[in-house]
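**Student:** The lines below spell out each chain.
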Amino acid sequence: MVQPLNEKGPALKSKNLLHLENVYKSYGPKRILDNIDLSVAAGELCTVVGPSGCGKSTLLRIIVGQEQATEGDVIIDSKSASSPDSNRGIVYQKYSLYPYLSVLDNVLLGRRLNTSLFQWHRRKDEFTNEAMDFLGRVRMKEHANKYPFELSGGMQQRVSIVQTLIMRPKIVLMDEPFGALDPGTREDAQVFLLELWEEFKMTIFFVTHDLEEAAYLGTRILVLSQHYKDDRDGKSPRGAKIVADHPLTRKASATSIKSTKEFGEFVQQIRAEGFDPLSQRHVREFNLQHEDSFQTLTTEEMRRDRN
Amino acid sequence: MSKTPVFWGIHAKPPPMLRRFLSLLPFLLLIAVYMYASDLRLQENPQDKLLPSFGSMVDAIKYMAFEADKRTGEYLMLVDTISSLKRLAIGVGLSAFVGLFLGLGTGLFQGFNALFTPFVTFISIIPPLAMLPILFITFGVDELAKVMLIFIGTFPLITRDIYTASRNMPIELITKAFTLGASSTQIAFRIVLPQLMPRLLETVRLSLGGAWLFLIASEAIASTDGLGYRIFLVRRYLAMDIIIPYVLWITFLGFTFDWLLQRFNAWRYPWYNR
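Chains Y and L, in that order, are what the protein sequence lines are.
According to this note's numbering, numbering within the first sequence proceeds without interruption in unit steps and concludes at 312.
According to this note's numbering, numbering within the second sequence proceeds without interruption in unit steps and concludes at 460.
Calculated from the structure, these hints are not laboratory results.
A couple of the hints might just be wrong.
As the list claims (entries may be wrong) - Derived, one-sided and incomplete: chain Y residues facing chain L with beta-carbon distance under 8 Å:
no.	residue
1	Gln-73
2	Ala-74
3	Ser-91
4	Tyr-103
5	Phe-123
6	His-148
7	Ala-149
8	Tyr-152
9	Leu-156
10	Met-172
Claimed, not checked - Partial list, computed: chain L residues near chain Y (C-beta under 8 Å):
no.	residue
11	Gly-259
12	Glu-260
13	Leu-262
14	Thr-361
15	Thr-365
16	Gly-367
17	Ser-370
18	Ala-374
19	Ile-377
20	Val-378
21	Gln-381
22	Arg-421
23	Arg-422
24	Tyr-423
25	Pro-431
The C-beta atom is built at its ideal place from N, Cα and C for all residues, glycine as well.
Please build the complete structure, drawing on both the sequences and the hints.
**Tutor:** The structure is reproduced here in structure tokens:
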């Protein structure tokens with residue numbers, strides 16, 4: 006028997022790594038996020054897409070702790086999380102690397118901040134080897150002594166991912182990390198990311214505006230959108246909700262999958278679900294297919310009896 | 187066919203030789219006008235002191251810089267330069283030190299911001315030269331008052347500049363440091379502070395102009411040595427043959443420090459402004 010969506014919350018909360026329930030975010034009278042319910046299992050590569058300005062980045066900033074939710078809780082590993090800490094790693098699109106540190110020092114930064122001066126002298130070689138090993142994986146070894154400004158955008162993002170990854174955070178949050186890269190570089194970076202994800206069994210929460218990127222990379226794709234209908238009156242403030250949630254099965258990580266017919270049709274379906282203001286679904290009819298999706302609707306949001 | 191103009195217009199591209207000549211031209215003109223006027227006056231009255239010839243200036247410098255003073259056995263220009271630079275270095279150094287930590291603290295920590303920023307703003311509005319009598323009365327006519335004038339005159343600007351720079355530090359870099367396990371203190375001293383160093387050197391460089399002003403003003407009023415003291419001392423005898431070389435020497439020193447700081451910044455912090 007399939008459990009109804011609104012009763013799955015408590016079970017998911019104890020099972021999953023990342024759990025958000027009834028999360029709202031408003032800036033003054035303007036509501037950005039509207040009753041977000043979201044649960045992500047460990048090991049998932051969860052991508053988030055949505056029209057520009059829908060609040061994807063706000064959601065990510067709330068999860069990392071850079072901003073606080075107006076209402077609702079962010080739970081990481083069964084513990085309530087607020088300001089940023091080492092449980093959550095982050096990769097931004099801009100300002101990813103520290104400009105005053107060389108590539109190697111950027112990657113070593115996490116270790117350095119967590120090691121006393123005494124320990125540092127004893128373990129420096131060990132840490133340096135580890136950092137160089139990671140740099141080798143993203144083919145950045147020979148650039149270890151350069152400053153970030155001497156690198157291309159794609160190289161910077163590769164270093165930034167490794168800088169975050171080396172500290173083994175429980176979850177890695179990525180805010181359009183490849184958004185500023187040209188198509189070729191972008192595809193390379195995607196392949197690097199998948200390799201690292203497979204090797205280190207990471208949990209990744211990946212925000213992007215690029216549907217193809219989201220559908221290609223993810224094991225699960227969330228659509229965040231303000232285009233939906235519910236039973237509230239027109240005056241109450243409304244923000245974005247998760248309007249669709251699909252599990253994705255990765256057949257092969259080859260980028261050639263992007264040119265198949267099924268892939269194209271899937272991308273079109275996602276576009277219709279979240280990006281088209283004309284085809285709005287009612288909150289009760291969202292396409293929440295993933296086994297970890299749940300929904301806690303308020304009585305105002307669904308007044309009509311649909312049974 | 188139209189040609190690119192060499193001098194007039196936005197599109198003008200002066201060739202390198204012309205460019206060098208153009209930048210020298212105002213200097214050459216000034217020297218030429220001075221020599222002509224000086225010659226005219228000296229023809230009329232060989233004792234004229236207002237526009238001394240280059241020859242008499244060279245003689246004066248020889249006397250001031252390369253001959254030991256009969257009374258004290260010291261080289262006056264050297265002694266003046268060393269005392270002035272010492273005051274300048276201590277005053278500006280203190281300003282840089284206080285400005286860096288106060289600016290960093292108020293920029294990053296809201297508690298410090300509430301505590302210090304209104305007070306620093308208040309100090310920065312007081313005209314430093316108006317404080318000079320107060321400083322001389324409070325700290326005496328020795329070194330301390332002069333150093334304090336330079337300090338009070340330059341530290342508010344440095345503080346406010348470092349404050350702005352810390353506030354403008356991208357929040358992403360700070361959030362990321364937290365996710366890499368940094369504490370608040372580590373963020374201040376290991377993430378933000380190193381990024382402020384080139385900015386500090388730059389504001390110090392810009393503050394040096396003001397610092398020279400305060401130095402010379404305080405030396406003019408109460409001192410027994412120093413470049414400003416000497417200029418104002420020999421002013422009584424209308425000794426333009428000493429004053430003009432001294433002013434040029436001060437200008438040269440200022441130019442050299444400016445240049446050195448700029449080169450040091452570019453060499454030490456190649457990533458700055460990139």
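**Student:** Report holds or violated for the interface hint on Phe-123/Y, using the least CB-CB distance to chain L and a cut-off of 8 Å.
**Tutor:** Cβ of Phe-123/Y sits 16 Å from chain L, so the hint is violated.
**Student:** With 8 Å as the cut and Cβ atoms as the points, is Pro-431/L at the interface with chain Y?
**Tutor:** Where the cut-off is 8 Å and the nearest Cβ of chain Y is about 43 Å from Pro-431/L, the hint is violated.
**Student:** Tell me if the interface restraint on Arg-422/L is satisfied: Cβ within less than 8 Å of some Cβ in chain Y.
**Tutor:** Result: violated, 53 Å to nearest chain Y Cβ.
**Student:** Do the numbers back the hint for Gly-367/L, that is, is its least Cβ distance to chain Y under 8 Å?
**Tutor:** holds (4 Å)
**Student:** Hint validation: Met-172/Y versus chain L, beta carbon distance must be below 8 Å. Holds or violated?
**Tutor:** holds (6 Å)
**Student:** Minimum Cβ distance from Gln-381/L to chain Y below 8 Å?
**Tutor:** With Cβ-Cβ at 5 Å, under 8 Å, it holds.
**Student:** Answer holds if the nearest beta-carbon of chain Y is closer than 8 Å to that of Leu-262/L; otherwise answer violated.
**Tutor:** With a closest approach of 45 Å, the Leu-262/L hint is violated.
**Student:** At a threshold of 8 Å, is the proposed contact between Val-378/L and chain Y supported by beta-carbon distances?
**Tutor:** It is violated, given that the least Cβ distance between Val-378/L and chain Y is near 10 Å, above 8 Å.
**Student:** Can Ala-374/L be said to touch chain Y, with a Cβ gap under 8 Å?
**Tutor:** violated (12 Å)
**Student:** Closer than 8 Å between Cβ atoms is the bar; does Leu-156/Y clear it against chain L? Give me holds or violated.
**Tutor:** Leu-156/Y check fails; min Cβ-Cβ to chain L is 11 Å, beyond 8 Å.
**Student:** Report holds or violated for the interface hint on Ala-149/Y, using the least CB-CB distance to chain L and a cut-off of 8 Å.
**Tutor:** violated (15 Å)
**Student:** Go through the hint on Thr-361/L and say holds or violated, using the shortest Cβ distance to chain Y against 8 Å.
**Tutor:** holds (5 Å)
Of the numbered hints given earlier, the model fails hints 1, 2, 5, 6, 7, 9, 11, 12, 13, 17, 18, 20, 22, 23, 24 and 25; all others are met.
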